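Novice: Residue numbers (the working numbering), protein chains in the order written: chain S, 1 to 564; chain B, 1 to 129; chain A, 1 to 495; chain X, 1 to 501.
Read the hints as simulated data drawn from the structure, not as lab findings.
If you're wondering where the values come from, they're calculated on a predicted model, not measured in any experiment.
You can trust all of the hints, since none of them are fake.
Derived pair list, reagent style DMTMM-like, types lysine to aspartate or glutamate, alpha-carbon separation capped at 20 Å:
(1) Lys90/B x Asp483/S
(2) Lys490/S x Glu92/B
(3) Lys86/B x Asp483/S
(4) Lys436/X x Asp89/S
(5) Lys368/X x Glu107/B
(6) Lys469/S x Asp399/S
(7) Lys443/S x Glu284/S
(8) Lys365/S x Glu284/S
(9) Lys409/A x Glu488/A
(10) Lys161/X x Glu519/S
(11) Lys90/B x Asp485/S
(12) Lys90/B x Glu322/S
(13) Lys436/X x Asp104/B
(14) Lys469/S x Glu25/B
(15) Lys436/X x Glu108/B
(16) Lys365/S x Glu439/S
(17) Lys409/A x Asp269/A
(18) Lys86/B x Asp485/S
Each chain is listed here by its residues.
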Amino acid sequence: MLLSAPFLFLIASAVLAFIPQRLRAPLMLVTPVLALISIIGFGTGNHGVLNILNFELVLYRIDNLSFPFGVIFCIAAFLASLYAWHVRDLTQQVATLGYAGAALGGVFAGDLVTLFIWWEATAITSVFLIFARGTPAAMATGMRYLIIQVLSGVLLLAGLLMHFHDTGSIAFNHLGLQSTGTWLIFIAFGIKCAFPLMHNWLQDAYPAATVTGTVVLSAFTTKMAVYTLARGYAGTEMLVYIGAVMTLFPIFFAEIENDLRRVLAYSLNNQLGFMVVGVGIGTELALNGTVAHAFSHILYKSLLFMSVGAVLYRTGTSKASELGGLYRTMPITMVCCVIGAMAISAFPLFSGFISKSLILDAASKNSYYVVWFCLVVASAGVLSHSGIKIPFFTFFAHDSGKRPAEAPMHMRIAMIITAFLCVFIGVFPGFLYSILPHEVSYKPYTFSHVLTQMQLLCFALLAFVYLMKVGLHPHELRRVNIDSDWVYRKGIPSILPGVAASVIALNTRSREWALKRLERLGIQVARYASPTGPLADGWGVKAMVGAVVVLMFAILLFNLWPNA
Amino acid sequence: MKNDSQKQVSDDSLTPLAKRFLWVESADKVRLAIYILAGLCAVLFILDFVVHRHAYAPNENTPGFYALTGFLAFSFIVLGAGLLRKLIAKPEDYYAPNAVDAEDYPEEGLNREEFAPDEIVENKPGSGS
Amino acid sequence: MMDQLPALQVMLPMVAAPLIVIIRHPFWSWLIATLISVCACWVSWLMLQQVVDGSIIRYAIGGWEAPTGIEFYVDRANAGVALLVSGLSSVVLVYAYHSIKRTVDTSKHYLFYAGWLLCLTGLIGMVITGDAFNVFVFLEISSLSTYMLIAFGSDRQALVASFRYLVMGSVGASFILIGIGFLYAATGTLNMVDLAARIPDTESPRAVLVAFSFLTVGLMIKAAVFPLHGWLLNAYHHAPIAVTAFLAGTATKVSLYILVRMFFSIFGDEYSFGYLLLNWVLLPSAIAAFVTMSLVAIYQTDLRRMLAYSSVAQIGYILAGISLATQQGLTAAVVHMFNHGMVKATLFMAVGCVLYRAGHAHIPSLERMMSRMPFTTTAFILSGLGLIGVPLTVGFVSKFTLINALMEKGWWPAVVMILASSVMATAYIGRVVYLMLFREARESSASGEGYQEVPLLMLVPMYALLALGLYFGLFGSQTLGIASGAAESLLGGYQ
Amino acid sequence: MNPLWTLLPPLLVIPFIIGFGEARRNLREGSILVAGVVLFLMNVVLWRSTLAGVSQSSGELPILSNFSLQLVVEPMGVVFGLLASFLWVVTTVYSIGYMRGHDEKNQTRFYTCFAIAIAAVMAAAYAGNLLTLFVAYEVITLSTFPLVTHAGHAGAVRAGKIYIGILMSSSIALFLPAMIWVATQAGTLDFMAGGILHDTGISRFSLAVLMGLFVFGIGKAAVMPLHRWLPAAMVAPTPVSALLHAVAVVKTGVFSLLKIVTYTFGIDTVAASGAADWILPFTAFTVIVASVVAFTKDNLKARLAYSTISQLSYIVMAALLATTMSVSGGVMHIVMHAFGKITLFFCAGAILVGAHKDSVSQLDGLGKRMPLTMAAFAIGALGIIGLPPTGGTWSKLLIAGGSLDTGTWFYIGVLMLSTLLNIAYLLPIPLRAFFKPLPQAAQAQSDPYHDAAHAHLDDHEHSSDAPAACRYAIAVTATVTVLLFFFPGPLTDLVALIPWR
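The shape of chain S in the complex, shown without the other chains:
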């Protein structure tokens, strides 16, 4: 079991703390490779079955669904580690490996308890990538992130216990929305998957992480959530609509967002929407699409975060309003960024094209026409914020006058490899299709498919050009935009002090009142009971004679009692 992929990562992250500085970065590169070998080596099946506390745990389940996620997680960990070669901060390094391990563990968990543990572990490990920024704002953001992540965890815990209570099983297979327990689990997954209104942690946290941290963060948590949805809730129709909303609304926010890393976070949210739709449709084709999209998405989103991160690394900012014209001195970064942008925009020959198409096809095949149309619109939207905005405002647009040096060598290598993979998958989809959970008979490169996609994208580009020309395209401004997180960042905090103050005042006042009463009572009691008080000193002869009379009377009285 110690040789399983998650544990390899965990062990490596523990080992990091005890080895010299110069060996750490290489170890971080080696670990994902070993883990990948381990995943392949273990082969499909349930491993590490054990019984703790009446729970039958399946620590390591490799099957068609979890395998591709395992593979891409290892690749992502490798690329992120390479990108972070320069980092000397042990906290980040340990967190990176631990986080990747936890995500792998979650994907390979064969039961809900194990999943819960890894689920929490991803939260605990990943938050350090935010804390590592080391500023008070990062502290606050990290705490928000952690609390939401753990909220997801505790909901999962509550849900799994209820599920266990209902069914007596903790096996993690298809769950469906059948009981309160499964609903709670669904919400738990939904939080990590950034469902609408539960999404804010994503946009809040990713821009706050370190340069390299964001790359790591972008890969795992949400995709693990997609995996769990695919495992537990495939074919849940509600997901189709949730996903459709997810694809649409972040686009608007991304469009006007200034911080490019937050733009990418919104974009990530939008891409998750495609995957969620795929899960919701739940057919073999759709699930294949989800997995494939997750796979390719991890790559191009990493690539985009890497390129923006490289810019941040060199210039100290990732705000669109401060950037522009960087193509001159960072051409390689720029090219990689453009490749990433084209991949996410699903240009033919790029990875996004061959994965997103599966989902769109599944939607229309299953007659979700409205949803399908939403996805088409969203595809145009993806082009707007990720395909155009990111590269255009960073590297072109109006010249900011910044002349930073090209990204460091290791970053460039990491970006180039990632860019290569984006293109490779796009050109040779068979490789990716071969590891998808179900048999793939889909042909992405049909003429009509390429044509329609090119029409969509080119006319969208044309619209962009037109809007730029007539000046209707919004300018990049130094602004933040309110999202629903306003509720817990401004709304509740603004009334909380008042509420707290009144509760405290009530408490204080009632306590004071009670104390005063008690004190008065104490004084009264003391007056009676003190050495000179009547209780202590009132027992002279007269009192006694009186008492004698009373007692005599009392005893005689009982003679007259009816029961006599």
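Once you've looked at the hints, dock chains B, A and X against the given chain S.
Specialist: Using the frame of chain S, we list chains B, A and X on its own:
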């Protein structure tokens, strides 16, 4: 090049790769690029009438469906976002000090380096923090 | 010889008292008193051995059989009380040597010890006699000698206290006499066994009722039952501390014993509690006692007075047990008589040690007693815990039994009150313990530095009694066994 | 082995403690360590034989006619005995560093009272009946009182009064009558599988009242409103706080409740009668409100104290939910929380000794100076929150799971909410130490309560971390906290042996 305090880098000292993109500085060449794009769009639009597409969704087969959708969706999103901004945009320090928007990225995590034409080859990885 | 034990029990101290008056030597009178007391104790121990199996000793004085003559009647119930009385007397007498030498003029020592022995005679006589009028006689013997002993107190108020006790005690005694008179009038006998047999079919129930009420109230005065306890406070406070220790352990307990005997053996529990509903008098009185007196004790500034109030409260516990009129309740009452006698005597002895060295028992001045008089303080604390009823002490045994008895009867309000009183007991003992252990001595009382421990002759008896208390705390089943037997005898009436 | 033997090491070491005294303190503390190790080994022996199915008991000491003192070994007691004896050793090691580093006075008295308390804890752990448990409970109260007032200043005295006042009066006024009531009803006080009250014909109302008497009479369980002694006791030296708040005192309280629910009431009786239903809201209230209060406390130890109050109510809740799962969880949580919380207290003490800081707001940047301490703090905090990789995960899982069997989902929600609150008040402590920069004017602040700190400010200013002995202790408890996550087996095996019916 309005920011004169920054170190001036002449276009000649750029890497070959960067030089390939210098055309974006020229208004003519950009206009040319736009024309090319427009032309491409026209061709794609025409192809719709020529080629029979396989379709599932209603109206999907309507000629120009994707073209129109692309153009209108994009415009709608951009314009809609512009309206949205009027509603929800706030100054950068709105959430300060509990949000990173109002603060600079800490310098110790960065490696600011100006472009130096002479040493196109990067200094070794890891020279950062 | 063994047949004569009851007579010996009474005769020994009675004869020794005049002997001391003749000898007049302080030391010898102490020694004689002590030895006689020890002998009496031994005798009562032997008697207890004889009756513990449930048998009864009936001893006709001078060979005149009852009902004509006077007889001693010894069973499980009173043999234990006699042992308690004579035992405490012995222990306290040993202790009293130094204490009395310090406070009483040497020339009067013989009177003191003679008085003590007379008091002992009276108490033991009250306990073992089987004759109602004899009870009165012995009661007067003990009372009169007690008035004298109290008057030996070192301060002037001792005389006042003694006089007050005399007045109240006389009232009580006359009530008892009146009660006995009515009984005699109604039944024509004074022998208690005979009384018990004749009362149920007497022709003048009114007279019996009047006798009952006079006897009850009279005995309640002597037993210091709330609210008739007025004499006790000053008496305990101002008497020589050895006398206080002795009286606190014995005098009230003996009166309570007589009360119990009267209720259960002479009149019978059917009459006292079934017909007269006496518990409606006793229980309120008991509850009032342990609630108010515990409360008052918290505010006291003199250790002796605090313990005096505590005594009244504890008598309340015993009374509560009696008023239950059940086997369990009586067991609790009897065992608490015994336990409280030991504990309270120990506590007063410890106070005596403090007085011996410090000259006062002012509570706020007791800071850091632990470092000055460690043995005394330890004894005080351990028996104080016993008074509170901390587990593993005798107090716990009696409290457990009492509450258990109350619960079985379903008298919940009484349970609540007992618990409240226990908490108060924690407060008043805890306050003193805290001062003794932790409070730093203030500047003013620093002059009192250089206290030493008291002489060994004071420590040894105190610790003997303490050890006994601790032993019975750990092996409460032994005392409970005897008490349960006693309760059985009492409830069973005279055979 | 006769469980009575376990009382001997802590009692026999007392003459040595007093005999060696201050003059030969190495010998004094060495003897305590020896006693501690012996005691731990004894408990291990009891553990092994319990696993082997051998039941052991001591002779009876009849302090009342029908009721005796008796020690009986059963699985729950073994868990507690092992825990307390192990932590005694660790705490002693820590105390050596702390008490010397802090130049505490009256160390002999400290160690003596400590030993008495441990003996009483052993008696409580192996109590064979309610009476024994009650006796041990009271002895613990009394023996820890001098520890609370150790500092001797006015604040400590006031705190001591609150401490003893609440604990003694609640136990006398409520616990004692409850016990006697049981005796009256059942005629026995023995701990028996399945309880002793089910066939006594006691009414449901009476059961409910009785349960209330126990829960509130056992003031050490600190269910609100009987919690105030716990924060008050914080004036004690940190090893005492660690002992009080992780091992001896508070755990005796909840342990007693678990035992009473399991062996006196019987979980089926409780569940069937609904006797605990009216008390459960109190525990829920305590869980939440104590967490909120903890959030507002800046003083480190005060925050930990309120955290303890909250956590104790987890266990009380677990006991009152009265399902096998929840009670198992409660027993496990005793252990899990003990290790987590003792780690936190050790750290708090180390911060006080090493850096002279006692407030959360002073900790910025301290992580660089005391990395081990703050890392351990983070682990301990995770343990309290119940997140992997700490053992607290398992116990929380079980308690939450057990709450479902009662048919209400309210308590699971309480636990979940509390988890989030725990994060909010515990995690920022290590985080600000690690991730916030040292304040610009890093002048050493000292604690007004500990004047001794002033004199040695300069000596310690250069020391990088807490004294070595403290660090060893911290490392041990933090490691165990993590190990309990990966290897809960020994604990679960024991818990599985608890005879429920």
